[in-house]
Structures are given as structure tokens and as C-alpha cells.
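Starting from the structure of chain A, add chain B where the hints point.
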Amino acid sequence: MLPGILTVTTFTPLVGALIVAAAPTRYARSLALAASLATWVISLLLVIGFDPHAPAARPFQLVEAINWIPVFGIQYKVGVDGLSLVLVVLTTTLTWISILASFSPIKERIKEYMVSFLVLEVGMIGVFVALDTFLFYIFWEIVLVPMYLIIGIWGGANRIYATIKFVLYTLVGSLLMLVAILTTAFAYQSANAGSWQGAFDFEKLHGFGFDPTLQLFAFLAFFLAFAIKVPMFPFHTWLPDAHVQAPTAGSVILAAILLKLGAYGLIRFAVPLFPGAAHTFAPAIIVLSLIAIIYGAIVALVQPDLKKLVAYSSVSHMGFVTLGIFVFNVQGLDGAILQMVNHGLITGALFLLVGVIYERTHDRTIARMGGLAGSLPVWAVALGFFCFASGGLPGLSGFVGEFLVLVGAFQFSPWVAAIATVCMILAAAYLLWMYQRIIFGELSGFLQGLGHHLVDMTPTEVLTLAPLAALTVVFGLFPGLVLDLVGGSVANVLGDAARQAAIVVPPAAAALAIALPIVYVVGRLAWVAWIDLSGRGPGSAETPAPTEAAS
Amino acid sequence: MFGFLVPVIIGLPLFGFLFTALVGRRLGKQAYIVPVGAVGIAWLIGMWVVFNALTGAEPFGEGGFATRLYSWIPAGAFHVDVGFLVDNLTACLLIVVLTIGFLVHVYSIGYMDHDPGYWRFFAYLNLFMVSMLLLVLADSFLVVFVAWELVGLSSYLLIGFWKHKPSAALAAKKAFIVNRVGDVGFALGIMAIFVDTGTLNIQESMTRLTAEGAALPIPVWVVALLVFAGAMGKSAQFPLHVWLPDAMEGPTPVSALIHAATMVNAGVYLVARTNPIFAAGGDAMVVVAAIGIFTAILAASIAMTQTDIKRVLAYSTLSQLGYMFASLGVGAFTAAIFHLMTHGFFKGLLFLGSGSVIHAVHEEQDMRRMGGLASKIPHTYRTMLIGSIAIAGIPPLAGFFSKDEILGEAFKNGFQWVWLIGIVVAVMTAFYMFRLIGLTFWGESRVDPAVEPHIHESPSVMTTPLWLLAIPSIVLGLVLSWPGPPLGTGTGLLAGWLAPVFEHGHELLGRAETPFQLFGIDGGLLLVSIVVAVLGMVTAWRLFGASLGGLRWRPDPERVRSLTARVPFLYRASLNKWWFDDLNHLIFIVVGGRVGAFAWWFDRRVVDDTVNDIAATTVDAGKNLRRVQTGRVQNYALGIALGLIVMAGSFLVLAAR
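From first to last, the protein sequence lines are chains A and B.
Take 1244 as the starting number for the first sequence in this note's numbering and just add one per residue.
Take 1193 as the starting number for the second sequence in this note's numbering and just add one per residue.
Just chain A, same shape as in the assembly:
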């Protein structure tokens, strides 16, 4: 395999970004697409060069390591295992699709937009390949900047609120993670007679049994950063706002890749570094996942806005990912990873489809739609396909991931699986109800008023969706393509997790940790209910309703 290919993959988009920035604006679109396609092709080479049956002792392949800040043992170290590889390819695929999908909707500051997107890709790939915790943190934060701009500049009417909320919320978690990264480095250094060698090296750290107390706190810090990104209930409220305000391609990348960063972090770092703490907190995380699955679906049911509906369905689907991770068995983790890939494909496609109709109507209110089967038949079929895929129709990829997670959960506890399985009904309900309202019936008055603007999908739009549809079918019929790649990673993570049993926490602390949130929620609920019911408050503290016109 070519030396340095991982670095090439990671930084090709950066080169592309520089070229786009230097070249005249009229070439921005095609150059950006070319750069992202080039990255995609190189990432496919990675798949060919990757050996899924490498010995377990050397889980990471194509490793490159250069000393970066030798004083502290910080390296530029990258490498892939099956898990990273799958997510890298997912990233490069979705990026060129997003760039292509932005060709017609983005009309202003096109050069800046394309540069942001390519820089975003660097950050995302970097997160998935970094093997040095400090490097990981750098890439993690790099991702924020372009996304901040994409939502803040090319977003909807309330974009500033949404983008600041997104960045600040994520920063709260990631700064705590930085503290935890430094803490682990210090702990490693002091245990190694003051040598900083390897203090940030993941391959050294994940075999290191950290002190129980440190584990508990460091795990919480990592967990918070990742849980906000996933996003897990109750840290999810930035997501609907960000999705509603982001431009279509921003939503696609946000849902398809950025949410996966959090889940990836949990699998790669939170569990292997702090297995004892992971076991300690697993029951709580499983409960939160179950809440996310059911609660996200119920809230999705009543959303009036298409994008918000898909956003809340993401909360529900990502709940399956976190559930699968923390039941600690092969099926659960396999399913979680598959679910990450599938959610990326399917939810990405759903946001693209919402973008298609938004382009024509400048509206996303479900109540104003109706009867679109007649006017946009191809779009209607595509939406139906991805709705069923999202609802976990067997034969399509969504099903296998979800079912494996459920099998994993069933082995942990049948009751957990039983609760999560109810989501099958709720998902069908919110997707089909939405589909019924916008596709069936006679064409609504609002849509009739649009006249000739209401045309079916353009070839470009079909081109953006076709690969996602194809992959949805292929991974549905041959999930082994992904499962074989990630088999080694799954075994390693579970091996790390099995190193340690749950750290015992004082019962009083546990009781307090359970009681305090409940007391808070009940108290807040009573207080808010009193305000709303007595009509004292504004009734709804929601930020201005999402009825903005086009940006």
C-alpha cells in the first residue's frame, strides 16, 4: 500500500479548499466536486488496502506516526481499523453528494461555502483516523468551525441563534473532554516515571488501567462531549434547531456524519479507555437510550415541520446506536455500527429529499403539502423508499442494524429489548403519517398556487440520491460487507471492555445521582406547568417559529 495514504486522504480536501479559494469563483463548484470526488476515490483505495483478517494484536493498519510536540509525547499519529475505515468512506461519500446537492441551492458566497465544506471534510476524516488523543481533539474542534459558518451564513432566518447554540453546546462538552484528555496523559506520565512518551497515544492508553476515581470522572467528561454530539436525550435540543436552520447539505452532513462523531468517540475512546466506568454507567446510559428511542419517536409524531420530524427521528435512531454500544456484546456493537452507517445513508437521503421540496416550495410545513404523488412522482417514490428504509423495512439496510441492536439488547435484558422494539410501531406511525399527508390525496391549495415551479426531481438531484438508495439496498441484502470489515474492531472494543468489571460507586452517591435529576425535572415540570397553565408566561419559550423565508 502506498505510504502516507491516510494523510493523503485526510488532507486532499484541504488542498482542494486552497485551490478553490485561489481559483475564480465560477470554478468553485466543479473544483470542489472534483476535490471531494478525488478524496472519495482515494478512500476507496483504503478499503482495498485494508486487511479485515489482520491479527488481533495489531488492530490498526496503515499507521503513520510522526513526533509533533515531543516534549509532551504528542504525535501526529493516524491509522485505521475497520470501524474508522467504514466511517471514513461514509464521510467521503456523503461529502461529494452534499457538494453536488449544493450546486443549485447555494447562490451566494459560493466559494466560501465550498471551502467550508472541504475543510469540514478534513476535520471529519481526521477525527476518524486520529490515534493520538490530542490530535483527535484538534480535529474534533476543527469540525465545529466550518459547520458554524455553514449554518450561520447560508442558513435560515433564525440561523444565528441555531449556530451559536450548536457551537457553544458542543464546546461545553469538548472542553471537558480536553481536561479529561490531559488528566489521562498526566496519569499515564506519572505512572511511567515521569516520561511523557505515549501519554497521548491511544494504542498505549487503551490497555492502561486508570485509577477508578479518575475513570469515573474522565469517562463522564468524554461521555458528555460525545453524548451532546450524538445527541443523546436530554442533550439533544440543539439538533432540531440546527437542522431546521442549516442549508440542505449542512443538514445532510450534520445528520449523516457529525452525529456519528459522537458515537465513534464512545466506541473508540470512552469505552476502551475507561472500561470500568463504562460498566458502571451502562445502566444509566441504556435508560437514556431507551428514553431517546421512544421519546424521540413520540415527539417526531407531532412535528409540523418536515425537517424537525426527521431531526427527532434521528434522536430516536441514534438511541439505538448508544443502546447497542452499552449492552457490551457482539450483536449490540455490530448493530450499533451498522446503524451508524445506515442512519448516515438514510437520514442523509431524507434531508436531501426535504431539500428538494424546499427548493420548489420554500416551505417545509407538512400541513401545507398534500397530493404530491401526482406532481412529483419520482420524488414521491424516493421519499417512500427512504421512509420505509428509515422505518426499518427488512431487506433495506435500516432493518439489520436495528435488529442486531435489539438482539444484543435482548441478551442484556428482554425488557430493554421489548421497550426498544415498540419503536417499530412508532417509526411506522410518524413516517407513514407524514407520507400520507404530503403524498396522498388531492394537490393542496398552497401547492396548486406554485404552478409550474412544482417540477419533479432534476437529473442532478436524482444523481445525489441514487448512490444512497443503491447502498441502502446493498447493505440491506449484504450487511456482511460492513460486518466483516468491522469484526476486528468489535472484538477489540469488547476485549477492552471486558478487561474490567464495573467500578463500585458508593450507594449514597449513586442514589443522589439518580434522585437529583428526577427532583429537578419534577420541580421544573411543576413550575413550568404552573406558568403555562396560569397564562403568566409567554406560553411558549420556543425561539421564533420556523416559518422563515429562504435565506
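Be a bit skeptical, because a hint or two may be false.
Just a sample of chain A residues kept apart from chain B, beta carbon distances all over 10 Å, derived [said to hold, decoys possible]:
id, residue
1, 1273
2, 1387
3, 1682
4, 1743
5, 1756
Computed from the model, here is a short list of chain B residues facing chain A with C-beta under 8 Å [unchecked claim]:
id, residue
6, 1265
7, 1337
8, 1345
9, 1355
10, 1372
11, 1387
Worth flagging that the hints you see were computed from the coordinates, not collected in a lab.
Note that beta-carbon positions come from the ideal geometry of N, C-alpha and C, so glycine has one too.
For chain B alone, kept in the frame of chain A given last:
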């Protein structure tokens, strides 16, 4: 050879579906050729396979022929292959699915002739055939589940076929979601089976589940009930029966194929297929019997007063499916499959006939605006009459034999209460069927005068399938239950075929085949069955008229009115379908909507506002602390002085200790 032929049976309609979905739009009225042809060839191959399987030729033998296609999910110990199993039970189902499926395809060439979505209809029909064939052929629980959901998808697409009709869209969604309720149970059952046995191959897991002394993490009766939940959804058993009558919003061939003859049988098939689990599951069987017979009488009671011709048939289907489950519940597995087969043919016939009637009177479905149609559409009339006699249980037509076997087995196996309710249902069945015939074909015409002159018999592409279905409706019962040579050796043809499949289940239940006693208990039960069927039929004649050969009875609407006035509550309950739709509306739309609204309110006011409050508090803190930075030197000096005093004071205090 069969390793190739069996996948081809599924592959042909799959090709038809893909082909028609991709290019069907451009083919116009020729769009039917490929899909109908594909199913026709599949029928030929299928019958060859069935013949070999039922005669026990190599490589089928007694246990059936299994072939593996590829490894689908390799996730550690959780390993699922896509493979097929053709044994005699599958063969019986193949006969029903392929034959009725093919005839419905042919019928649809005529029935859907004027529809702009011609190609779409055939694409969906082929997709359904793929799913249904996969369902009966699959040898893994998870692949059965895949097919299970895919038939649900096809059903959704076909119920909602007329997209502009809001009622069709609602019905399609309702069908899918109600089915999903059952599927949750089925899915959990599959997980339980994996946890119990470590495999999802149907044959292997059943052996392990029923092995004696196996200490299972999940008891076998739980597994049985979870699987049964799936069966209840697909086969529309109480309380998940609400979707089937609404499914009649779809085109009539769909109602015949999916919602009467094949898909709704999937639940019966599944329970029959997993019979050892139920047999080992103890009281799970009683639950099956109770729900089955309750559905039978509930649906029959509703069918007695409905005025929409398709709804009467839909409730009748529910009722007959109830019989089948009752039969499974009492341990009469063979009788259930027997009734599944005969019912498939005569109910498919009745639905296609009703489609022909609806066609004739210009899309009118209300029987109050029909009447006297017998002479105008003779083929439809005669075939539907045959179907009605068959379902009413009049010998020697098919329904008599299968129904009598169910009731007889129930009685002999110690479920007298099932038998008793079943007898009542039999009266009701004969009654509502001849009410249907009377209202539709006999008596005075009540057809809209504008439509009256245009009433016409359907083209032969539609009436031929009717006659082809009429033949098995007449003879199938006799053929399959014939005890003597040349067809059977004492037990009947079908019983002989299915004996290996149900052997294990019967063993677990401790049942032995008893020879048929015409002049003993069997003869007595048989007589009762005939008497009640005739009773129901004659009652219907008295009330709704009859003109059969020399028999001429006028309808008696006065007496109908006085009879219904005597039992107002029962009448209204039947007319309003025992208010199940209203109950569901209350629970799921009204209460469910409230829950959703509350959850969203909670999300904004509690979860999100907490986040925003934290941010606001930070901003406020900054704003307030800003006041400290006044820019006046005096303030800063005061601060310095106070700070010094505090520091010095604390130093003094600490030093003094």
C-alpha cells in the same frame, strides 16, 4: 435441479416487479404481459415442485428439501442464512398462493383495464408474489420476518393504490401500523428463539426448543405467544382485526388475493409451521383457540348487518380465519390447513365475483342499491352462488368438509365450548352469505336507474378465473379428505401429506389418529353441522328472499325491521362493528395525540429551556458582573482596601489558632 428451481419461483416475479417498475410506465396497456407471464411460468415450475414434494420424490422425501442461497447476516454467533425449505406444508401453501395468485393476475388484466396506474398495479402485484412466496419458502425465522414485513409493504402499496382517495391512504397506513403491532411480538419472539437456541433456522430451533428437559432462559410458552402475536397481526385476529375491513379500500383483485386468499393466511401458516412450539407451550394453545373462536363469532356478528358487499366478505374472512386459529388451538393442525386451502379458493372466488358485480353496477358497493342481478350477470351469479354454498358449509362442497373437520376435532379434543361457539358461527355464516346473495342477485332490482341499462357481464378474462376457482370450491373438500383409495389410505389425502409436518406436534400433545366413525361420534357431529348450515341458509331465504330453481321466496323487509327492533343493542353493535374503530380512535388518535403534544411541550419547556436558561444565566452573570468594572478609581481602591482587610484578617485568625 430443485436447488435452482426453487429460487427461480421467487426470481420470476422479482424480475417481473423490477422490469415493470423500471419500464412499465412506457408499456401502456401491454404492461401486464411480463408480470402475468412471470407468475404463469412460476406457477408451472411451482406445480412441478409441489408434485415432486407431495409424492415424496427425491430429493424431498419425508422431511422436505432444503437449499441455501447465501449467508445474510454474519454477526458473531448470530448467523442468518437465506435458504429455502420445501416440505409438504410449504407445498400446500404453494398450491394456494401460486394458483390464486396467477388467476388474480389474469383477472386483473380485465378489471384494471381502465386504470391509469395499470403498470403500477401489476408491479405491486408481482412484488406481493415475491414476498408471499418468500414467506412460505424461507427456512429461517428472520427471513420469514423479512417476507412478513414485505407482504405488509405490498399490502400497504396496494390498499393505497388509488392515491387520490384519502380513505385509501388512511386504510393503507392503518393496515401497516396495526400489523407492526403484531410484528413487535413476532420480532421479540425471534430474539427469544435466538437467545434460547442460538439459531434461527426453523427446523433446528424447534428441535432445541422442544427438547425435553431444556432449561430455557425464555420459557417456550412465552415464545409461542410472541410468535402468535405476529400471527394475530397478519391474520387480523382480535384485537388486531381492525385493519382488514378497511383494507377493502384497495382494488378488488387485491382484496381477493391479499386480504382473503393468501396474505392473511400467513399467520395460520406460521402457527402451523411452528406447531411443536405451541404443542410444548401448554396453555398457549388455549389462548390461540380462544382468540380464534372469539374472532370468528365477533366478525360473523358484524358481517350479518353490513351493507357494503366487500365488507361483508371481509368480516367473513375474519370469521373464517378465526375458525382456522381455533382449529390450531385445539390441536387440529391438519384441519386448519385444510380450511386454509378451501377457504383460499372459495373466498378468492367470492371476492373476484364481488369485483365483477361492482364492475357491472359501475363501482357501486352498497348492496342496498343492487338486487335482481342474477339474470344480468349469469356467470358471476353462478360462480358466486357456488362460493356461497361452499362457505356456508353445505355438502358436498369444499367448505363443508374443512369446517366440519375443525368443529369435529374441537369436540373430540375436549374443547366443547369451541365447538359450541363454532356451531353458532356456522349458522351465522350461512345466514350472512345468503343475505348477500339475496340482496345482490335475487328479488327486485334497486340499481340506480341511470346505471340499470348499462349492466353487463364482465369479459371472459375475468369470468374464466371465476369458473376456474369454482371448480376447487366444489371438489377440493372431497378430494383432500377422501379417506379411501385411490387418494388416501384411511386418513385422507391431506392428512397423509401433512402427517410428517405435524408428527412432532401431535406427539407432544399426545394425540393419536382415530379412525373416522360415520355411525358414531363423527356422524353425529356431521349431522349437526349440516343442520345448522341449512338452518342459517333458510333463515336468510325467509328474510331476504330466494329464487333458486323452482324455489321462489319474496324478501320480507318488514320482518327484518321488526327483528332488528327487537334487539336494538345487538343490531347497533353489529352495525357499528362493536365500536372498535371508535375505541381505537379514542386511544390512539385522541389520547396518543395528547401524549405527543405533551412530549413536545416537555421538550421545549423543560429540556430545551433548561439549556437556554443555563446560557441566559451565564449572560446575566456577565452583565451583572460588568457593573463591577465601573472605571472609577475610587471603586477599585475601595476593592483593594477591602481585599487587603479580608486577607489580613484571615491571616490573623489562622495564625492565632
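Structure-based check of all given hints:
no. : hint : in the structure
1   : 1273 : 31 Å, holds
2   : 1387 : 17 Å, holds
3   : 1682 : 7 Å, violated
4   : 1743 : 21 Å, holds
5   : 1756 : 17 Å, holds
6   : 1265 : 6 Å, holds
7   : 1337 : 6 Å, holds
8   : 1345 : 6 Å, holds
9   : 1355 : 5 Å, holds
10  : 1372 : 5 Å, holds
11  : 1387 : 6 Å, holds
Checked against the numbered hints above, the structure breaks only hint 3 and satisfies the rest.
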